[in-house]
Every structure is written in C-alpha cells, then in structure tokens.
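Colleague: Sequence:
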Amino acid sequence: MSAQVLVPIALFGSVAYVIKLLIDARMRVLLLRAGSSDELLRSILEGEAQQRRYASLRSGITLLALAAGFALIQIFGWNDITPGAIAVLAGAFGIGNLAYFRMTNRS
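Numbered per our numbering, the sequence shown spans residues 1211 to 1317.
Any given hint could be a false lead.
[To be verified] With a cut-off of at most 20 Å between alpha-carbon atoms, the simulated SDA-like pairs for lysine to any residue come out as follows:
(1) K1230 / R1263
(2) K1230 / Y1264
(3) K1230 / P1218
(4) K1230 / S1266
(5) K1230 / L1255
(6) K1230 / I1219
(7) K1230 / Q1260
(8) K1230 / L1240
For the record, the hints were derived by calculation from the structure and aren't laboratory data.
Using the sequences and the hints, build the whole thing.
Modeller: So this is what it looks like as structure tokens:
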C-alpha cells in the first residue's frame, strides 16, 4: 500500500480516537459536577481500567498468535500470497481471539 492510502486511514483513526477521548473526559466532568456518589465514580473508573487491561490482553494474545502464523508461513517456505498462507493467518487470528475469550471467562 502506498502512503496515499495509509495516511488518510491513519488520520481518520487518530481523529476518531481523539473524539472518543474527549467525549469520555466530558462525561467524567459531567458526572463529577452532577454530584454523583463516590462509589459510582469509583466503580466507573475501575471498570474502565479493567477494560483497558482486557484490551491489552486481547491485543497481546492476538499478536502472538499472528506471529506464530507468520512463523509457520516462514517455516513452510511460502513466499507468495496463497490461500493456504491466508488461511494460516486467519486461523492464527481466530485462535488468538479464542484464547483471549477462554482466559477472560475463567470463573
């Protein structure tokens, strides 16, 4: 892909992320001004912290699985984009997501 395609995509993603951050910050300010209970605010902040940890866990597991998929492609010596190579990457991505699901639903 050329820079002409990647730059607008990255710019759009960055702007969307900044808008999300601003909306989240505004909601926190409104909750503080509304005089919500400390218990409610604490539970909201703890929930957000847990979501961030889970997002990091999901990214890490999925990236490790994709790395394993790329390693398999390298081991098999596939140099071209073939349906088999794409299947290995898709399978690795799926296995990473299933591993994340299993780790987070252990109760």
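Colleague: If a hint holds in the structure, say so; if it does not, say that too.
Modeller: A quick look at each hint next to the structure:
1. Of the pairs offered as hints, the one joining K1230 and R1263 holds, with about 18 Å between alpha carbons and a cut-off of 20 Å not exceeded.
2. Of the pairs offered as hints, the one joining K1230 and Y1264 holds, with about 18 Å between alpha carbons and a cut-off of 20 Å not exceeded.
3. Simply put, K1230 and P1218 have alpha-carbon atoms about 18 Å apart, close enough for the 20 Å limit, and the pair holds.
4. Annotation: proposed proximity of K1230 to S1266 holds, straight-line Cα distance about 18 Å (limit 20 Å).
5. Between K1230 and L1255 the alpha-carbon distance is near 16 Å, which keeps this suggested pair within the 20 Å criterion.
6. The suggested pairing of K1230 with I1219 holds, with an alpha-carbon distance near 17 Å, which does not exceed 20 Å.
7. Between the alpha carbons of K1230 and Q1260 the distance comes to roughly 18 Å, so the proposed pair stays at or under 20 Å and holds.
8. For a cut-off of 20 Å, the pair hint linking K1230 to L1240 stands: about 15 Å separates their Cα positions.
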